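Counting with the UniProt record's numbering, you get residues 1 to 252 for the letters of the sequence shown.
Among these hints, one or two may not hold up.
[Stated by the list, open to error] The following label-pair restraints were derived from C-beta to C-beta distances:
{"hint": "1", "residue 1": "His86", "residue 2": "Ala215", "range": "44 to 50 Å"}
{"hint": "2", "residue 1": "Arg155", "residue 2": "Val212", "range": "28 to 34 Å"}
{"hint": "3", "residue 1": "Pro156", "residue 2": "Val90", "range": "22 to 28 Å"}
Note that these hints are calculated values from the structure, not bench results.
No experiment lies behind these values; they were computed from the predicted model shown.
Here a beta-carbon is modelled for each residue, glycine too, at the ideal position from N, C-alpha and C.
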Amino acid sequence: MAQPGNGTVPGSTGGHRRGAAVRGPAGRVATMTESAETPEGRRPRKRMSYGEGREALLNAAVRVVARGGLRKLTYRAVAEEAGATHGLVVHHFGSRDALIEEALAHSVRDSLNRSALETGTGKVADFSVGLSEMVTADPDTQAFQYELLLESRRRPELLPQIRVLYDEYFDATERELSRMIPGDASRSLTRLVFAALDGLVLHQLVMGEPEVTDAALEELRTLLRLLHANGGEGDAGAVADAGADAATDPGD
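Assemble the whole structure, with the sequences as input and the hints as a guide.
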């Protein structure tokens, strides 16, 4: 990010004090500080508390990657997006890898809070309520995660942290399924259900159509109701059987 100048007008002999008035295009009067620190197209800097500043930088990193891919993630780009200084980014994260890791963790936590993946109620009707609204309201968070997933194919060093953080999704899904279905949900059932949710999010992110997401989620809840009625036996196999039954018995 360009830093403020030394307070002199290029080509002048006497110079101006910082903050001295100069006449710009169309007769506009601006101070030297204003013209140097808030160039057109750049977010103005603002004072933030430590916690606010850190979260603002993480959100800015998510937006930068969502729009331009991981290759666009630089200290300068994040600072400009957040309206902060380059030095503040370095102070909070120290390295680009640390920024990536913490931004991914931040985005996963945000998704879990917004999606109602784990409501704790044990009610099938509450499962993943608000998923389509989450994607509509904040597509950048989801795009950021998919960008990192794809980037990990080219940069395997990213995969371990992605696995660890995606385990949060799997664990939340498993806990909520275990509340809804008699007995603990198996790992295979957990992966099956989460894969359905993940696919719906990706489809909506690319195609839009939140109503398609909502309709598909209701079908998934129908399968979970039937699985609950069957006592949870067979887990993934029971889901397949329930899918055949759902054509004639849509459930409550």
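Going through the hints against the structure:
At roughly 47 Å, the beta-carbon separation of His86 and Ala215 lies within the given 44 to 50 Å, and the hint holds. Distance hint check: the CB atoms of Arg155 and Val212 are about 33 Å apart, consistent with the given range 28 to 34 Å. At roughly 26 Å, the beta-carbon separation of Pro156 and Val90 lies within the given 22 to 28 Å, and the hint holds.
Hint compliance for this structure: no hint is broken.
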